[in-house]
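Visitor: Please model the complete structure; the sequences and the hints are all you need to start from.
2 protein chains.
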Amino acid sequence: MESSDRTTLRRHPERGSRDPAAVSSVLDEALVCHVGFTDAEGRPVVIPMIHARIGDRLYLHGARASRAMQAIGSGRPLSVTATIVDGLVLATSAFAHSMNYRSVVLFGAGTPVVDLGEKQRALDAITDKVMPDRREDLRPMTSKEIAATAVASIAIAEATVKQRSGPSNDDEDWPVWTGVVPLRIVAGEPVPDPGCDRPTPSHIAAYVKRQESADA
Amino acid sequence: MESSDRTTLRRHPERGSRDPAAVSSVLDEALVCHVGFTDAEGRPVVIPMIHARIGDRLYLHGARASRAMQAIGSGRPLSVTATIVDGLVLATSAFAHSMNYRSVVLFGAGTPVVDLGEKQRALDAITDKVMPDRREDLRPMTSKEIAATAVASIAIAEATVKQRSGPSNDDEDWPVWTGVVPLRIVAGEPVPDPGCDRPTPSHIAAYVKRQESADA
Numbered sequence: 101m102e103s104s105d106r107t108t109l110r111r112h113p114e115r116g117s118r119d120p121a122a123v124s125s126v127l128d129e130a131l132v133c134h135v136g137f138t139d140a141e142g143r144p145v146v147i148p149m150i151h152a153r154i155g156d157r158l159y160l161h162g163a164r165a166s167r168a169m170q171a172i173g174s175g176r177p178l179s180v181t182a183t184i185v186d187g188l189v190l191a192t193s194a195f196a197h198s199m200n201y202r203s204v205v206l207f208g209a210g211t212p213v214v215d216l217g218e219k220q221r222a223l224d225a226i227t228d229k230v231m232p233d234r235r236e237d238l239r240p241m242t243s244k245e246i247a248a249t250a251v252a253s254i255a256i257a258e259a260t261v262k263q264r265s266g267p268s269n270d271d272e273d274w275p276v277w278t279g280v281v282p283l284r285i286v287a288g289e290p291v292p293d294p295g296c297d298r299p300t301p302s303h304i305a306a307y308v309k310r311q312e313s314a315d316a
Numbered sequence: 101m102e103s104s105d106r107t108t109l110r111r112h113p114e115r116g117s118r119d120p121a122a123v124s125s126v127l128d129e130a131l132v133c134h135v136g137f138t139d140a141e142g143r144p145v146v147i148p149m150i151h152a153r154i155g156d157r158l159y160l161h162g163a164r165a166s167r168a169m170q171a172i173g174s175g176r177p178l179s180v181t182a183t184i185v186d187g188l189v190l191a192t193s194a195f196a197h198s199m200n201y202r203s204v205v206l207f208g209a210g211t212p213v214v215d216l217g218e219k220q221r222a223l224d225a226i227t228d229k230v231m232p233d234r235r236e237d238l239r240p241m242t243s244k245e246i247a248a249t250a251v252a253s254i255a256i257a258e259a260t261v262k263q264r265s266g267p268s269n270d271d272e273d274w275p276v277w278t279g280v281v282p283l284r285i286v287a288g289e290p291v292p293d294p295g296c297d298r299p300t301p302s303h304i305a306a307y308v309k310r311q312e313s314a315d316a
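First to last, the protein sequences are chains C and F.
All the letters of the first sequence, read from the start, carry residue numbers 101 to 316 under this note's numbering.
All the letters of the second sequence, read from the start, carry residue numbers 101 to 316 under this note's numbering.
I should point out that these hints are in silico values taken from the structure, not numbers from a laboratory.
Please note that a few of the clues may not be correct.
[Said to hold, decoys possible] Covered stretches of chain C (in silico footprint by chain F; criterion: 3 or more residues with CB under 8 Å from a CB of chain F, positions within the stretch not fixed):
1. 120-134
2. 145-151
3. 269-280
From the three backbone atoms N, C-alpha and C, an ideal C-beta is built for every residue, glycine too.
Guide: Next up, the structure:
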C-alpha cells in the first residue's frame, strides 16, 4: 500500500492499517460501498453502489447513461468507502460511547473498463459477490446488456482500514451496565416472486444460513 | 424540499422522492451515514459517521481536533448519504438483478454549532438515536468533554430519497428461482464488559427485541 498524507490516520492511529489482506477482507464483506466524486462545480457527491474486488482492483458498475458512472469513469479523483458496523459500545458516559466497526477508505481514480473480457469478469465478480453460486443458473448476459452497462475500475493502492473491536475502554465507576451490543446483517425467509413456484435453490438456502450464523 | 439539478433523479425517477417525511424516516433509521467533503486539493473524501436529526437539521459530531470535523464545519459543500439495504432482488438474468434499499442523498454546507444549548441537544440526540432511553443512566457530560467535541449541522433542505422495494420486475421465462432475499440488521446477545456484573438493563433488552422483530 502506498502511504500518503490522506491515508495517515491522526485520530486513533492504533485502529488503522494499510495491510492489503485487511483491506480486501472489508471490501469483500461489505455489500455496498459509498463512492464520492466531485461534480462539474467541484462539489462532492456521495452515492451508494455495489462493488466487487478482483485482486488489487475494485470494480463498480452502473447504467452507461448515468451521470454517476460518467463521473466515476472520467479519471477524476474518487473516494470509495466501505463500512461494516459490528456493534454498539456502551460506556458510562456519552463521551466514551463508541461503535465497533470495520471500514476501508480508498482513494484513487476511476478508469473505464473497455476490454470486453475484463468487463465480463468484473460483472461476473459483482454477481458472484452478491449471491455466490447463482450465476451458472442465470440466463447469460446479452451483448446489448453488456453494452448498456458501464464498468469502472480503481486500483486498490491508496487504502486504509480503520477498525474498532472489543469492550469499551471505560473504567469509570458509575452505576450503569457497560458492554457491547453486537450488530450483524441477517437474511430473512426468501420471498419468491408471485409467478415463481420453484423450490428455493441451494445457493439461496446456503446464503441465508451463512448470514444467520455469521458472528453469532 | 428545494429542487435542484443535483436532486433531480434521471435514473429510475419513479424510485425518488423529496418528501420530507420520507427523508426523515431514512435518516432516523440509518445508524451511520457517509459524509463527503473535499480536501484542500479539491479531492473527495468520504468517511462514515454517526448522525442525528432534530427537525430539519442533521447533526454530526467528532473530535474537535479531527481533520474531518474541521472540514465538515468549514462551510464548504457536503454530501451526506445514508443507505439502508432491505434485500437482494434475484432475477433471471444478472442484468435484472437489483437491490431493495432506501437511501437519502443530502447536499448542503456544514455550520459549526457553537451555541452550548444547541450543542448539548445535538449530542443528546445522537446518544438517544444510537440507544434510546440510555442517556438518563449515564454520567452527565462534563464541560471539558463538550469542549473537546465538535458538532456541525446541515440544513435538510436539498435532499432526495431513493428507494426500491418489492419483487423483481422480471417476467422472462428461464428456469431459475426468482424473488427477494430480505436483509436486516439484528442485535445479538449483549456482551457485558469484563468488569461489569450488573444485569442487562431494560433499554438494552428492548433494543435487542426491536432489532430482532424489525421487518421480520
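Visitor: Each of the hints needs a verdict: does it hold here or not?
Guide: Hints versus structure:
1. 120-134: Three-residue rule met by the region 120-134 of chain C, so holds; n is 3.
2. 145-151: With 5 residues in contact (Cβ-Cβ under 8 Å with chain F), the coverage given for the region 145-151 of chain C holds.
3. 269-280: Answer holds; 10 residues pass the 8 Å Cβ test.
Checked against the numbered hints listed earlier, the structure breaks none of them; every hint is satisfied.
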